[in-house]
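Chemist: Next come the chains, spelled out residue by residue.
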Amino acid sequence: MLFPRKNRPVIIISLVALLTVVLLIYGARHPSESGFLRKLVLETSAPLDHFFRAPINAVQQVWQRHIFLIGLGDDNRRLRKENDQLTNQVVQYREAYYESLRLQKLLGLRDGLKFATVPARVIGSDQKSVLKTILVNRGTAHGLRKDLPVITDQGVVGRIIETSWHVSRVLLLTDANSNIDALIQSNRVQGILQGADATGCVLKYIPKTEDIKVGDVVLSSGLALTFPKGLLLGVVTRADKKDSGLFQKIDVTPAADFSRLEEVLVLVIKQDAVK
Amino acid sequence: MIYYLTLPLCLLLLVVIQHTVPGVFLLNSGTVEMSLIVVIYAGFRLGMIKGGVLTLMLGFIMDCITGVPSGFYILIYFAIFSLSFLVAPRIYAENAVFIILMTFVCGLLEGALIMVFNYLLYGTHLFYDIFRFFLPQLIVVSAISPVFFKFLDRFGIFYGGYARPVRRI
Chain A
1 MLFPRKNRPV IIISLVALLT VVLLIYGARH PSESGFLRKL VLETSAPLDH FFRAPINAVQ
61 QVWQRHIFLI GLGDDNRRLR KENDQLTNQV VQYREAYYES LRLQKLLGLR DGLKFATVPA
121 RVIGSDQKSV LKTILVNRGT AHGLRKDLPV ITDQGVVGRI IETSWHVSRV LLLTDANSNI
181 DALIQSNRVQ GILQGADATG CVLKYIPKTE DIKVGDVVLS SGLALTFPKG LLLGVVTRAD
241 KKDSGLFQKI DVTPAADFSR LEEVLVLVIK QDAVK
Chain B
276 MIYYLTLPLC LLLLVVIQHT VPGVFLLNSG TVEMSLIVVI YAGFRLGMIK GGVLTLMLGF
336 IMDCITGVPS GFYILIYFAI FSLSFLVAPR IYAENAVFII LMTFVCGLLE GALIMVFNYL
396 LYGTHLFYDI FRFFLPQLIV VSAISPVFFK FLDRFGIFYG GYARPVRRI
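Chain order of the listed sequences is A and B. Quick note, in our numbering, the first sequence goes up one by one and the last residue is 275. Quick note, in our numbering, the second sequence goes up one by one and the last residue is 444.
Calculated directly from the structure, the hints in this document are not laboratory data. The C-beta atom is built at its ideal place from N, Cα and C for all residues, glycine as well. Be a bit skeptical, because a hint or two may be false.
[As the list claims (entries may be wrong)] Derived contacts from chain A toward chain B, CB cut-off under 7 Å, selection only:
id: 1; residue: 9
id: 2; residue: 48
id: 3; residue: 52
id: 4; residue: 162
All chains should be modelled from the sequences, with the hints used to inform the complete structure.
Modeler: Right under this line is the structure:
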């Protein structure tokens, strides 16, 4: 007998617990490696998730569209989408205007990043677990990989943290583990946009000497090279200088509406372009 | 053998269902973690090998579905399974009140471990989330646990009944 019979359960439990601790440490230190089994579970769960979610969503949509708001639902959705697109366009034009002013001074310095886009459909959403994520129906077979940015016509959604062959997991902007280099459009002050779950996001490391107003637009600064420069992240909803410390407390509402995500775009930035 | 062959698919179905269906009734404000009840059930009713394999598989599937590093839920569920397994022979494990209490205690343990692991792995605090989202879910899960135990008792007949008799008064 390898172990005394009386203590066998305790010894086996201790050994398995030790192995799982080792597995957890390994998993945490090598987050980029999605093993075959993980990919297989992700690949299998996506259609199952869609199978259960599709009828539920269909019933919810029927309820919302035809019983509550007969006729108004479609108009509202169209106008909302149009409004989002126009808002985004205005932000882009304003950004292009500021950029052109700066570029005139810098004599034609250009942002060399070039990227293609891959449209993807949202097939699953998990915003109640440890990580706030969504699943999209594109994976390594479509050229996607870890750390690629994901956007909608409203603004940035998040970045890919895990891929299998035909499914990818996107970490949402609002997750506490999401950190994006950001800048305020009007005065070019730079900080880090961190997810804050229910309250949206917070913009960190902005000194109290800077003048930040409610309604200021927050864009990606392109410093960390994951997100290209100038993508719309959100709008400042609160700027508080009363807290003790060196920095302001700034709340930001994300531009993208995560409760109504259906289709997204993945920006496939070439790795050599990033480096 | 049929147990080990069908187990992965059953557990995958369970995890997918618990992430999709309850959200509709709770207006997308939370999930009902039925997998926690299954783990406690495994500790009470199944043997070490059967229950242990079920727990490890369920933990792994939860890791994959939620996107956390492998080992996160495996370790949490294994701790809960071990606790239930070691406690079960010493108590009357068929009383509904006791099942509710045990589920609540194990849920609190799970919440505490999630908070600690999340801090160690990502450096983020989930303390307020635990109170805002986790505790209401835990109350719901605890309340339905005796019913779920009955369901699993019936379901277990397909796998040849209990591998481990429960203690009766």
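Chemist: Compare the structure with each hint and give your call.
Modeler: Verification of the hints:
1. The restraint placing residue 9 of chain A at the interface with chain B holds, with a minimum CB-CB distance near 6 Å, inside the 7 Å limit.
2. With a least beta-carbon distance of about 5 Å to chain B, the hint placing residue 48 of chain A at the interface is held under the 7 Å criterion.
3. The beta carbon of residue 52 of chain A is positioned within 7 Å of a beta carbon in chain B (closest approach about 4 Å), and the interface hint is therefore held.
4. The interface hint given for residue 162 of chain A holds, since its Cβ lies 6 Å from the closest Cβ of chain B, which is under the 7 Å cut-off.
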